[in-house]
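Q: Residue numbers (this note's numbering), protein chains in the order written: chain A, 1 to 449; chain B, 1 to 449.
A few of these clues could be false.
It does not matter which identical chain is used: a pair holds within one copy or between any two.
[As the list claims (entries may be wrong)] The list that follows gives simulated cross-link-like pairs (lysine-lysine, DSS-like), each with its CA atoms no further than 27 Å apart:
hint, residue 1, residue 2
1, 2, 240
2, 219, 440
3, 116, 274
4, 78, 219
5, 2, 78
6, 274, 350
7, 189, 35
8, 415, 88
I should point out that these hints are in silico values taken from the structure, not numbers from a laboratory.
There are 2 protein chains.
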Amino acid sequence: MKIEIINIGDEILIGQVINTNAAWMAEELNRNGFKAFQFTVISDSREHILQALEDALNRADVVLISGGLGPTKDDITKETICEFFDTKLIFSEEAFQNIETLFSRRGYTVTEVNRKQAELPESCISLPNRLGTARGMLFERRTKEEGRRTKDEGRGTKDEGRETKKLQTANCKLQTVFIFLPGVPFEMKDMFTREVIPRLKERFAPQAIYHKTVLTQGKGESFIADILEDWENNLPEHIKLAYLPQPGIVRLRLSTWGSEEDVIKQEVESEISKLHQLIPELIFGFDNDTLESIVGQLLMQHKQTLSIAESATGGYIAHLVTSLSGSSAWFQGSVVAYSNRSKEDILYVKRDTLESHGAVSEQVALEMALGARGRFRTDYAIATTGIAGPSGETPDKPVGTFWIGIATPDGVFAKHFLFGDNRERNIRRTAVTALNLLRKEILTRPNPY
Amino acid sequence: MKIEIINIGDEILIGQVINTNAAWMAEELNRNGFKAFQFTVISDSREHILQALEDALNRADVVLISGGLGPTKDDITKETICEFFDTKLIFSEEAFQNIETLFSRRGYTVTEVNRKQAELPESCISLPNRLGTARGMLFERRTKEEGRRTKDEGRGTKDEGRETKKLQTANCKLQTVFIFLPGVPFEMKDMFTREVIPRLKERFAPQAIYHKTVLTQGKGESFIADILEDWENNLPEHIKLAYLPQPGIVRLRLSTWGSEEDVIKQEVESEISKLHQLIPELIFGFDNDTLESIVGQLLMQHKQTLSIAESATGGYIAHLVTSLSGSSAWFQGSVVAYSNRSKEDILYVKRDTLESHGAVSEQVALEMALGARGRFRTDYAIATTGIAGPSGETPDKPVGTFWIGIATPDGVFAKHFLFGDNRERNIRRTAVTALNLLRKEILTRPNPY
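Work out the full structure: start from the sequences and follow the hints.
A: Here it is in structure tokens:
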């Protein structure tokens, strides 16, 4: 069974908007035992939409389309859909009432533009949108080949032909299913989970899919590949390995498909045990773990707390931590001390230290970590100071120079790192490196509870 | 001239990695007068790569492919490329020396895996990679139709056929150009700018493209569409309008293409003047402006400074601000006061205020803003407090309740907002709303310089 995802939008094709919808849909399909085999992004033009639907009809069993259903005039999708499926728009009282209910809850009044959104193609099954005004639409259409075959077979006896046609219409596997969804991410996601996934499960038997991703921090892709070479060469044919590098992190994904979930899961897990023996010090987690979520779990278990003093990372570590719901249980706060004065005033870094060693130094990282730990009265504290770039370098401190300080219940230390030239990557690498240093430090101590 | 972008990678198709490469490439093409007409994402499988290259050959003039060139075993692209272009891999001494130079600079030793990366298809033009080990590759290939036509025409007189073939080989417009790039974003980007764009400009005349995006904050898409309806109906046929909503922000993009840059630019600018008169209070900037960059520019001009006290936004505003290189000129720092104790200790919020009004209240927002302003000795301060969700709601304060405080050189005020249910969206909406409140506040005051 082949699923193609089509995203419609000029804004994606000029790079103004990143296609996160496709990624999200694909992940959700996977979790439910389905697999996207292609993503296609096309423009908001009639010809291109018609062409892409036609191409998809010929190669896919299910086509999931998002975008182009908004209330505004750039949205020609609905008209083009009617052309492709040979139907017409009719006003749906039910759809209109939903829009009215939604708007009255928010205290808005329905506009003329919204009325247009209650017009739907006559031949579709319309899918409710709990969070917005654009409804989803489901169609089925036979491929031309199917159509042709039916016609040819029908030539012998007229009645036989009719019978074949009827049978094929009844058998949904000979049809391609098209589901149109709004492009606004949170509306699309709600509809996808509630309306699309259950329908796919009803029609198609999901395959057993097993992915497991091993998360590593601290070494680059080719360094890891070299250590893993023998193991990788001995992987069973049907287990695929992919290296997925991110700033500071390399993820290793093992994937396999099969008919029995327990069997494929067992195979992958056994390979991961072997892998673990080869690079134990690099692995920090699996799948959707993040360093911040793991640090959070450890601190929760140990009933301990964290604070942060950020210069180089400018609030990014605090943002990662506070993106986790419930982090207030173990995270007290952060001081983003961008100026020297704030390092002195709020984090008690000594003026003398700043003057004699400079803000980017081991001593300042140590004092910042201790300052945050004292200020927020936490068990642990992270501190970052460095030159993220592109400006700010000095003869002995090139762009990419970072010091990370870690204060613990019984001491403080700082480590030096030399990262690259790119500001954004440097901020991210420093953040994950700091969180991983903290994780390892917590793990050296027994759980007091 | 049609440009297709193909990204190869199972990790994209299972949703583990978001396809930011395509977005970046498309944006870079646009800036240089080119336009991507389709993105296609396919799996790391031989059949799928061959099929996608064949499809692209038939519909595109230029095909830009990224991914699948890494040093590790999941990369079968190079072998498949050889099959498609009917060539073979040979070891390139030059490519190998580049890898050695790159590694010795970083203090790494070359591994066997890296040696394989110096193997390149014999018939390609190889493109240097300054930042990594995988080289780019450029090929040209005629479409089958062209090949066939040449052959058919050749049937009449053998010599004529040869001549036609030679002419078509010489004329690059009858060829499709394929350029393969590594998938690692920063390597791909460097190569794209240095090697791809100049070659495209040499071969194809870039069209005049003019996009301008108007950035608005404060109202939703359908509210704006309603106000703009008449203006939108009267837009010239060749100017396209798109609504691009983001949390807290709606971007309105006007696009047009033509032969004369001055003319199309003039047309779009004149429409934007009319637009400006309709929603002056909602517009905060254009194109790649961000609220943080505009606030930064204003503060630089006014020689004034900013500090932040973040509870609900947890460091996200500080992260936005410090992602701007040079922000240390006007940004002093932020206190992420996640706990009540840190609000008291570091921001001088009174315990009494916290106890009688709760942490999510007008009074606390006011005191946090004043506390940050005093602490960091800045001209302005932003404060956020709220319930980002999904937990933390109380009977009178639902999830989505936020207070934003703004301290200025001559006072302080706070505003109440009720956003939605989604934690991430709430954090983003609060951040842009706070920055916009500050921007408006700064603009009410004359530039002291």
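Q: Evaluate each hint against the coordinates.
A: Going down the list of hints, with the structure as the test:
1. For the homomeric pair residue 2 and residue 240, the shortest alpha-carbon distance inside one copy (19 Å) is at most 27 Å, but the shortest distance between copies (34 Å) is not.
2. When the C-alpha separation of residue 219 and residue 440 is checked against a cutoff of 27 Å, the pair qualifies only within one copy, where the shortest distance is 15 Å, while the shortest distance between copies is 46 Å.
3. Proximity of residue 116 and residue 274 under a CA criterion of 27 Å is satisfied inter-copy only: 25 Å between copies versus 59 Å inside one chain copy.
4. For a Cα distance limit of 27 Å, the shortest separation of residue 78 from residue 219 across copies, 25 Å, qualifies, whereas the shortest one inside one copy, 50 Å, does not.
5. Within a single copy, residue 2 and residue 78 get their C-alpha atoms as close as 24 Å, and across copies as close as 26 Å, so both meet the 27 Å cut-off.
6. Proximity of residue 274 to residue 350 under the C-alpha cut-off of 27 Å is found in neither arrangement, the shortest distances being 49 Å within a copy and 56 Å between copies.
7. Only within a single protomer do residue 189 and residue 35 lie at most 27 Å apart by alpha-carbon distance; the minimum there is 17 Å, versus 29 Å between protomers.
8. Proximity of residue 415 to residue 88 under the C-alpha cut-off of 27 Å is found in neither arrangement, the shortest distances being 67 Å within a copy and 47 Å between copies.
Checked against the numbered hints above, the structure breaks hints 6, 8 and satisfies the rest.
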